[in-house]
Amino acid sequence: MKHRPIACLALVLSFLSASACASSEAHVGRRNAPDTVVIRSQQEPDKLNKPLSNAISTVDVCTPMTNGLVGVDDQMKYYPDLATVLPTVENGLVKREGKGMAVTYKLRPNVRFHDGAPFTSNDVRFVWKMHMDPKVLVVSREGYDKITRVDTPDPLTAVVHYKEPYAPYLEMFSTILPAHILEKSPDINRDPFNRAPIGTGPFKFKEWVAGDHVGMVANPDYFDGPPKLKKLYVKFVPDDNAAFIQLANGDIDVYADFNLEQVKAAQKLKHVRLDNVPSLTFEQLAFNLDKPVFKERAVRVALAHAIDKEELARTLYKGIWPVAHSTEHPLAWSFNPKLGELYPFDPAKARAILDEAGWATGSDGIRVKDGKRLSFTVNSTAGRKIREQVELVLAGYFKAIGVEMKIQNVEGGLLFAGYPSGLLNGGKFEAALYANTTSVDPAANMSSWHSRMIPPTGVNNTRFQDAELDRVLEAGNVKLGKQERQPLYWRMTEILGREVPTIPLAYWTEMHGVNRQLKGFKGNPTSSRFVWNVKDWTIE
Amino acid sequence: MTRFILRRLLTSIPLLIGISALLFVLMQKVPGGPMAVYGMNPHITPADRARLIQAMGLDLPLHVQYLKWLGSAFTGDLGNSLFTGRPVLEMIAERTPNTLVLMGISTVVSLAFGLALGVFSALKPYSKFDYTATTLSFLGYSLPTFWFGIMLMMVFAANLHWLPAGGMHSLGQEGSWLDGIPYLVLPVTVLSIVSVASWSRFMRSSMLEVLRMDYIRTARAKGLGERLVIARHALRNALIPVVTVVMMAMPTLFGGAVMTETIFSWPGIGRLFFDSMGKSDYPVMMGILLISAGLVVLFNLLADLLYAMVDPRIQLD
Chain A
803 MKHRPIACLA LVLSFLSASA CASSEAHVGR RNAPDTVVIR SQQEPDKLNK PLSNAISTVD
863 VCTPMTNGLV GVDDQMKYYP DLATVLPTVE NGLVKREGKG MAVTYKLRPN VRFHDGAPFT
923 SNDVRFVWKM HMDPKVLVVS REGYDKITRV DTPDPLTAVV HYKEPYAPYL EMFSTILPAH
983 ILEKSPDINR DPFNRAPIGT GPFKFKEWVA GDHVGMVANP DYFDGPPKLK KLYVKFVPDD
1043 NAAFIQLANG DIDVYADFNL EQVKAAQKLK HVRLDNVPSL TFEQLAFNLD KPVFKERAVR
1103 VALAHAIDKE ELARTLYKGI WPVAHSTEHP LAWSFNPKLG ELYPFDPAKA RAILDEAGWA
1163 TGSDGIRVKD GKRLSFTVNS TAGRKIREQV ELVLAGYFKA IGVEMKIQNV EGGLLFAGYP
1223 SGLLNGGKFE AALYANTTSV DPAANMSSWH SRMIPPTGVN NTRFQDAELD RVLEAGNVKL
1283 GKQERQPLYW RMTEILGREV PTIPLAYWTE MHGVNRQLKG FKGNPTSSRF VWNVKDWTIE
Chain B
56 MTRFILRRLL TSIPLLIGIS ALLFVLMQKV PGGPMAVYGM NPHITPADRA RLIQAMGLDL
116 PLHVQYLKWL GSAFTGDLGN SLFTGRPVLE MIAERTPNTL VLMGISTVVS LAFGLALGVF
176 SALKPYSKFD YTATTLSFLG YSLPTFWFGI MLMMVFAANL HWLPAGGMHS LGQEGSWLDG
236 IPYLVLPVTV LSIVSVASWS RFMRSSMLEV LRMDYIRTAR AKGLGERLVI ARHALRNALI
296 PVVTVVMMAM PTLFGGAVMT ETIFSWPGIG RLFFDSMGKS DYPVMMGILL ISAGLVVLFN
356 LLADLLYAMV DPRIQLD
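Heads up: the sequence lines are chains A and B, in that order.
Letter by letter, the first sequence follows residues 803 to 1342 of the numbering used here.
Letter by letter, the second sequence follows residues 56 to 372 of the numbering used here.
Simulated from the structure, these hints should not be mistaken for lab results.
Think of the CB as a built atom: it goes at the ideal place given N, C-alpha and C, for glycine as much as any other residue.
Fair warning: there could be bad hints in the mix.
Listed next, the in silico BS3-like pairs over lysine-lysine satisfying Cα-Cα at most 25 Å (straight line) [as the list claims (entries may be wrong)]:
#1 B:K123 <-> A:K1230
#2 A:K1284 <-> A:K879
#3 A:K948 <-> A:K908
#4 B:K84 <-> A:K937
#5 A:K1171 <-> A:K1120
Listed next, the stretches of chain B that the computed footprint assigns to chain A, with coverage defined by at least 3 CB atoms under 8 Å from CB atoms of chain A [unchecked claim]:
#6 115-125
#7 140-153
#8 211-220
#9 232-239
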């Protein structure tokens, strides 16, 4: 009897470990109702009004409840959503108009908001007016600030007039909001609508339990037919490990954005399939061209030759993130297929380039020129394990050609903060290892590479300046139609490739863990995210 | 007594102002700031950035921002969140019941177990029971919450499927409190383990000290039964110092447990604070910290008053 507590403890422990081993294989499937799907979101949205929020979680929650005039599918192709046809120069719906242009949208008839009110061209005009209202805190006015007026000749036609040609016009009006509700609001920033939205989408808002979830129910009157699921929940699970267990447990059906560290464990879950989707984000080693060490092109080229990207992709990026040789994604029409690999892994060539540029090897193995050592510091986000490992490997590659790379990682907020406090935007870095995201339309390159976009006026963090590239980017923004613009962006990739302001290392791959019983799930590489086709999801 | 309470309350006002000023400055000095979350959005132009900074009032000098905040805090308005645009008090009020349920149950559970364990350990010091309790206490105290929470979840949720892995209710069952019970088991266990460990140690030493006192010996010499001696004489006196410790722990009932709430997706104040910290949502952080600081001051005062009530040797005036 004296030994009772210890005996009890031993019994409990052995029971736990035995049952833990025994049942890990037994459970497959889901715990949710047959017509209900639960999506995990790491963050909670701040507002359920897309133009007023910068959070990715807002996209995941709002997309099932709203539509835009135009959508982007999983092959990065635009499709008409609330518009009946894509406006283009060819079909005459996009016209030059003095110095500007006019885009005509023919709208889908018989579309109703969740409160029964009809969708009309007035809603399109309202979206523009809301973006330009100085009292409304929309996060970005990009594009909307080029619109001079929106005409509504009839309820099913909206004509958008731009003051200058604007190539990425199809990215506008990606969320349509109900004018009949928000027009009357005294303060849109604090309107109850932001917590209980009304859209035209396949799902209707049901509830928002703060800190826990947003619930949605099927919209039986959806213009494209009712969705196949009855209920959709987005559950907020901040911790990745906890979310993984909930996926394993069957509590959540979709775990979006797995990190590379979790992939191996996820592959062992029998009831889960990993949906790998190419991403428009790429990992890169970017240089600050204002720093003396990187002013010399030879140094940048030598570093590019010193990196074995294949090895990085195979080992640290686990064969899941493919090698990147360009700042544009191979799926994008702006990608230049003729360019190929400009700087194959060749340490001997790298050494020869540096020798020729006058960098002689010093006593400690690091090259020296005019009394200056060839040494720089790289900044990256602290706590991202894979980035920290990549930095160590890169330092090894560079050391082999006589270049010293010191590592100094900082909190993400500090690295990415705006001008002047942020390291990148404020120019307080020499080199940085981080990811850059491109858009479906290559016009977004303007803010990354045009010499006028050097901070504080833009996000050209590498401080890259090239007169020809400036001209190319400006032309790309005002020319309309893919045929006319493609040669310009191909030229852009050639210039960026030649000048090496950044070394792209690998394209990200988005990995979504999806319960096998959920059919119809299709990841989407664009900002429409995987929820873009939620109407077609079923549980089998 | 009234004078004592009034004096304490009055002196706490400058104290709270000092704390809030310090917190405000510290928070703003942390790199990043509220604009950092917009940093990598390529669609936010410098004009957008300037517009948002101005709308949030972040372009004002630090002391002006603080004085504005302090002014409205005096009128009971803790401002609006920079991201949701909602009143901070409303956001806090929404989460408070969840935190009170979790922390309240954990406190009751850990008090019951902790005090009982401490008393039994003290009654038979250096016995096998005492050694086991001591070892387990140290183990419980040193377990990292993060790791322990995940382990419990793996065993009881992922492998055994006895308990849910996080959240507060089954989705769609928010109205039924019965449904919520299984969701409480794991987070309450994690939170209680640490408190049981520390309170049992505290109770043990307090009880041991009292048991050595002359009046206990006297009580026993008078022929009182051992149960009566322990319950009426020893336990009551041993509880006096414990009251202070328990009172001081009360403010954490409001603040919640950041780690535990985050791991178990519990929608309480701790998680609200964690989320706000990630975005540098200053008004929300300030609101939570200020209320916590106010509660610490208040419960310190209550502890002193209670102490005077249970121990007649203490005079407050």
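Comparing the hints with the structure gives:
{"no.": "1", "hint": "B:K123 <-> A:K1230", "in the structure": "violated (32 Å)"}
{"no.": "2", "hint": "A:K1284 <-> A:K879", "in the structure": "holds (12 Å)"}
{"no.": "3", "hint": "A:K948 <-> A:K908", "in the structure": "holds (21 Å)"}
{"no.": "4", "hint": "B:K84 <-> A:K937", "in the structure": "violated (29 Å)"}
{"no.": "5", "hint": "A:K1171 <-> A:K1120", "in the structure": "violated (38 Å)"}
{"no.": "6", "hint": "115-125", "in the structure": "violated (count 0)"}
{"no.": "7", "hint": "140-153", "in the structure": "holds (count 6)"}
{"no.": "8", "hint": "211-220", "in the structure": "holds (count 7)"}
{"no.": "9", "hint": "232-239", "in the structure": "violated (count 0)"}
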